[in-house]
Amino acid sequence: MSAPGIAAIDREWRRFTPAERFARFAVYFAVVAAIVVSLETVEVIPEFVYDAPAQIGDMLRRMWPVAWGFYPEGVQAPLLESLHIATLGTVLAVVMAVPVAFLAARNVTPHAGLNYLAKLVLVSARSVNTLIWALFFVAVFGPGALAGTLAIAFHSIGFTGKLLSEALEETNRGTIEALHATGAPWLSVALQGYWPQVKPAFWSIVLFRWDINVRESAVLGLVGAGGVGMALDTALNLFQWDRVAMILLAIFAVVIIAEIAVTAIRQRII
Amino acid sequence: MTSGDPHRRAVLPNWWARAGWVLFAVYLGYAASHLEFTPARFAVGLEHGAKFLSRLFPPDFHRWELLLKGMLESLQIAVVASALGVALSLPLSLMAARNLMPPWLTWPARLVMVLCRSFHPVIVAILFVKAVGFGALAGILALTVASVGFLGKLFTEAIEEISLKQVEAIRASGAPFLSVVSFAVIPQVFSRFVGFIAYETDANLRNSTMIGIVGAGGIGGTLFAAFQRFDFDFVCAIVLTIIALIMAGEVLTVRIKQIFKV
Amino acid sequence: MTAELATATAASAHAAAVPALSVRNLVKEYVAGRAVLRGISLEFPTRGVTAVIGPSGTGKSTLIRCINRLVEPTSGEIVFEGRDLTRLGKQGLREARRRIGMVFQEYNLVERLTVMENVLSGRLGYVTPLKAWLRRFPERDVDRAFELLEIVGLSAFAHARADSLSGGQRQRVGIARAVMQQPRLLLADEPTSSLDPKTSVEIMALMQALSEMHAFPVIVNIHNVELARRFADRIVGMTGGAVVFDGPPEALDDAILKSIYGGEDWLE
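Chains as they are written, first to last, in numbering that gives the first Met the number 0: chain H, 0 to 269; chain W, 0 to 261; chain G, 0 to 267.
If you're looking for bench data, these hints aren't it; they were derived computationally from the structure.
Just to be clear, a hint being listed does not mean it is correct.
[Said to hold, decoys possible] Simulated crosslink set (EDC-like; lysine to aspartate or glutamate; CA at most 16 Å straight-line): (1) 50/W / 230/W; (2) 198/H / 110/G; (3) 197/G / 162/G; (4) 130/G / 140/G; (5) 118/H / 249/W; (6) 198/H / 241/H; (7) 256/W / 19/H; (8) 152/W / 210/H; (9) 152/W / 168/H; (10) 68/W / 42/H; (11) 256/W / 201/W; (12) 257/G / 211/G; (13) 198/H / 165/H; (14) 257/G / 245/G; (15) 50/W / 249/W; (16) 89/G / 71/G; (17) 118/H / 42/H; (18) 118/H / 165/H.
Using the sequences and the accompanying hints, generate a full structural model.
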């Protein structure tokens, strides 16, 4: 069958090499182990679980009828303030994120130390939750919309910067090379070479982030950082569930509108 | 020299875009005026900020047992919520895929996912705290809801983007439904799914450190209590630990993605 | 009068004698110890097309890119307009680069910008970033850009996006961009390698015509020997990182080609 001198070829079909199989198995095993351990050790009080349906029913009953009349006096203004916070915060985040993104992109800044530092800044910014940033800024600037805006801004730098730097790393090297070869100053290379290439990704990232920030800004008021969260906090503390329902519905409506707006804008631009 | 038209423009101006920018700038100015950001407030803020920063450092780790307990609980919440979220999202997203399923199935499924996504995890946590009491259970349920909303959307988008030709080919060979799924659907979406799951687990980890602020378990409660007690160097210790945990999670995620060749 | 005339004549005679570019002992090692360019010394006059030919990997592209320091030389001198480019700092290098135009194999245009914007980007070394961002180029430049577009035959595409053009059209934009710089030297790194035979001839003819029209020398790195013979005034043959032939196309015979490229099968 086989010609003389040709060694038999191993014809067994394997999807993965033994090393890969082991690694994949190890991951599956670790994941399952983590889940099992967590399930067993997490503290769940059984009585609470049994009581849950009754409690949920009670809560829903108290939410109806919804306090529609509360909207004009107690909801509209804070809701708009939340929108302002979300928009301003996103804009501020983008302004701060752009230079950091340039520093973090390996092809733009070939300096490994700077890359690492920039990435560290980005990871730290997004590891700290908006709510925690809000706590900080309330302590520094006092309660109100300013603290909320800064909280959104500083948290958003993390994602915006990371996604932007990834988009920068995917740009065409040759185009940039050509611009350097014309003797253009660095700023012109950035504006004429990098910017046109990352524009679609940039808008996508900004819109996506704004959408999320609209949601985030609604809860900042729970720690005093302005917006409709404060009204929510008050209503919760006073057990005014009908007002709570009104506020939640208002937030829901804004979030849906924002998402529709974002989808529409995205289709037009990208 | 020129072809006779002295008003040739190098670049055609886009008036709609320019108008849009002007309007946006006006809006920003208006919104910013709401912030009441005066130079006086800025100065006071800087002073507070400096004082605050000095009280943050050096971080105080002597209550490390409390810190560890809180972090472990957050980790447990994140792991269980992610697992439950994935388990629930997979069938839900398959049901919501418009290229594979009929509308009477896709519409309700998509509605469920939108509802889950619309509310911030904190708000959902507050509601669950009311329903099932303080503690980790409320946190797990809240983050599971958030995960289903987020993962469901991403999974469905991935499924809707697969090439139906491959599904058709396997179906034509007479394979049963589950085999079609495992040979035609899953290979096309698996690597993207792994990426989404990794991202969502990271998001849950971040969220689990925070929902404690409203009583849903985890390190967030410890953090909030320390804040209210003005115990700022402990606050700093907690925040640093959170950052370290998230970074560790990211490194792990990269390794796992390499193993599954995402 | 006579004295001025005499000075002018002397000046132009002097200019003709001074080479546009002098490369002296250029060495490039990507990996220490393994030289891709082994001490190249060449002089390029102020007129004419020079084609650099040779097998892949022999350093032709490296040579071209060392001239404007897109690749950093390991050692040697590159004298252009009286200055050694290897010694220049960032600012000086930028000033020198705007006097050197370059055409690339993959065109290297900014795909999402219009043809006009791409051509004008040749002036980026001459305008401030702010003016460039606002697209406020001097009137003279805009006029010249339109003229160049007419010369390269793309007037109708002035406001079309670069990525809507064919390969040959894009290379014309690339050439227009380079000529917009009002260069004293044009470099071309395999400008026709991504184009079909007919378009390749058109592109080479275009570069040759522009070089005569605007009086600047062209150094082309090319692997198609026929194109080189047809359009170059001088051919430099490289093998193994060294120059093995330097002379007019007529002097390029089969024996020399064999020594450059090795093998016989590819020769007719």
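Inset, instruction - Enumerate the violated hints, using their earlier numbering and listing them in ascending order. - result: Of the numbered hints given earlier, those the structure breaks are 3, 6, 9, 12, 15 and 17, listed in rising order.
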